[in-house]
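Please construct the entire structure, taking both the sequences and the accompanying hints into account.
Those sequence lines, one after another, are chains F and R. Each residue of the first sequence is one higher than the one before, starting from 66 at the first, in the numbering used here. Each residue of the second sequence is one higher than the one before, starting from 328 at the first, in the numbering used here.
Treat the hints as calculated values from the structure; they're not laboratory data. You may find that some hints are simply not true.
[To be verified] Straight line, CA to CA, 27 Å or less: simulated BS3-like cross-link-like pairs of lysine-lysine:
1. R:490 to R:527
2. R:540 to R:580
3. R:333 to F:138
4. F:99 to R:352
[Stated by the list, open to error] To give a feel for the contact side, a few chain R residues facing chain F, derived at Cβ under 10 Å:
5. 329
6. 338
7. 516
8. 519
9. 523
10. 574
[As the list claims (entries may be wrong)] Stretch-level coverage of chain F by chain R, calculated; a stretch enters the list once three of its residues show a Cβ under 8 Å from a Cβ in chain R:
11. 80 to 87
12. 92 to 102
13. 132 to 139
Ideal Cβ positions, reconstructed from N, Cα and C, are used throughout, including at glycine.
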Amino acid sequence: MAKVRGAIVVDVEKCKGCGVCVPACPQDVIQLAKEVNGKGYHYAYMHVPEECTGCTNCAIVCPDGVITVYRVKAETV
Amino acid sequence: MAMEIKDIIKPENIVYRRTPLLTDKPLSYCPGCGHGTIHRLIMEVVEEMNIQDKTIGIAPVGCSVLAYEFMDIDMQQAAHGRATALATAIKRLLPDRFVFTYQGDGDLAAIGTAETIHACNRGENFIIFFVNNGIYGMTGGQMAPTTLPGMKASTCPFGRDTKIMGNPLKITELVAQLQGTYYVTRQAVHTPNAVRKAKKAVRNAFEYSKHNKGLCFVEFVSNCNSGWKMNAVQANKWMEENMFPYYPLGDIKVPQSEKV
Ligand SMILES: Cc1ncc(C[n+]2csc(CCOP(=O)(O)OP(=O)(O)O)c2C)c(N)n1
Ligand code: SF4
Ligand code: SF4
Ligand code: SF4
Ligand SMILES: [Mg+2]
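Take a look at the structure:
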């Protein structure tokens, strides 16, 4: 069966840790890191990467436009 | 074998990336501020319509005063409130261009009220993008004409008292009454659904402005986390609960012949 798998890449140094992407994700994939970036912001990252479907919700609400989204159809066994 | 992340993150699998019509400069806005999302939507539509060389934007005074640093198109920056006067001149001199103003509520609905109303009334053929966050964000959170009843701001620390300060100005409903406006809508950008609808409205505004039948006015009810003294996620929730009942989202005026 074909399953959709996705992934996001956050431009960590440009993320402001606003958290707006977190509730926008229907799969609860994203969390803010305990670590901070060069500007002191707790940047967003994929906490549960297996669950990402590449729906783009997080990216389109990100005020700083720092999320790139990838999607593939994956064959599962 | 389960697929690994590195097999997914490949250029050919990109389904969303930041539009190249936003420059690489980090946005000057506070974390979570809607200004960034609204800039991006406008630039995505300009990219999709392939009108980068035909579009001229006017930046306001307010937090978005530096919009010309972030949008990779021709732009000018107007004196406080006067963006629509400048847009009028530019559009009349260069009628084949897509012209828009980008203005906050202090800029558009306080100091620029006269310019706004008269540009709408004259039916100028450009777009106004109006970012209503109910406050003067840039200067430290003073009360704006759009500040909600009871809402605190630095110049009304006990909340807006409508007996003394009047009621919030619904300038969008007001300009919709004028014959010169062709398309008037109110949107938001705080959730994925809102963003998708808002982007359609931005697209409509650019498409309609080809008709030369009047002014297209797109309001975005937006947040000002710093001025409201909340974090971004709280501010978006507060906006839903408090701003939307007073400033309901949706189309206010659509062209007669168009189904939107
Ligand atoms: C003629 C003039 N008067 C006052 C100011 C001070 N001033 C700068 S920005 C601003 C208000 C901005 O508020 P708004 O338009 O709502 O934009 P926001 O920052 O909230 O996006 C004011 C009063 C100015 N720059 N010029
Ligand atoms: S919405 Fe964007 S800037 Fe905000 S935390 Fe998420 S990735 Fe970072
Ligand atoms: S692309 Fe969709 S599923 Fe993946 S992290 Fe973003 S919002 Fe969540
Ligand atoms: S002060 Fe308010 S409007 Fe200005 S950038 Fe910060 S959050 Fe946005
Ligand atoms: Mg404002």
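Okay, the hints, checked on the actual structure:
Simply put, residue 490 of chain R and residue 527 of chain R have alpha-carbon atoms about 39 Å apart, too far for the 27 Å limit, and the pair is violated. The hinted pair formed by residue 540 of chain R and residue 580 of chain R meets the criterion: a straight-line CA distance of about 13 Å does not exceed 27 Å. Under the criterion of a C-alpha separation no larger than 27 Å, the hint pairing residue 333 of chain R with residue 138 of chain F is consistent with the structure, at around 14 Å. Using a Cα cut-off of 27 Å, the hinted pair residue 99 of chain F and residue 352 of chain R holds, with the two alpha carbons roughly 26 Å apart.
For residue 329 of chain R, the interface hint holds, since its Cβ comes within 10 Å of a Cβ in chain F; the closest pair sits about 8 Å apart. A least Cβ separation of about 9 Å between residue 338 of chain R and chain F falls short of the 10 Å threshold, and the interface hint therefore holds. A cut of 10 Å between beta carbons decides the hint on residue 516 of chain R: the least distance to chain F is about 7 Å, and the hint holds. This hint holds: residue 519 of chain R has a C-beta 4 Å from the nearest C-beta of chain F, less than the 10 Å allowed.
A cut of 10 Å between beta carbons decides the hint on residue 523 of chain R: the least distance to chain F is about 7 Å, and the hint holds. The interface hint given for residue 574 of chain R is broken, as the beta carbon of that residue sits about 19 Å from the closest beta carbon of chain F, more than 10 Å. Given as covered by chain R, the stretch 80 to 87 of chain F passes the check, having 6 residues with a CB less than 8 Å from a CB of that chain where 3 are the minimum. Residues of the stretch 92 to 102 of chain F lying with their CB closer than 8 Å to a CB of chain R number 0, which falls below the three-residue condition for coverage.
Beta-carbon proximity to chain R at under 8 Å applies to 7 residues in the stretch 132 to 139 of chain F; the threshold of 3 is reached and the given coverage holds.
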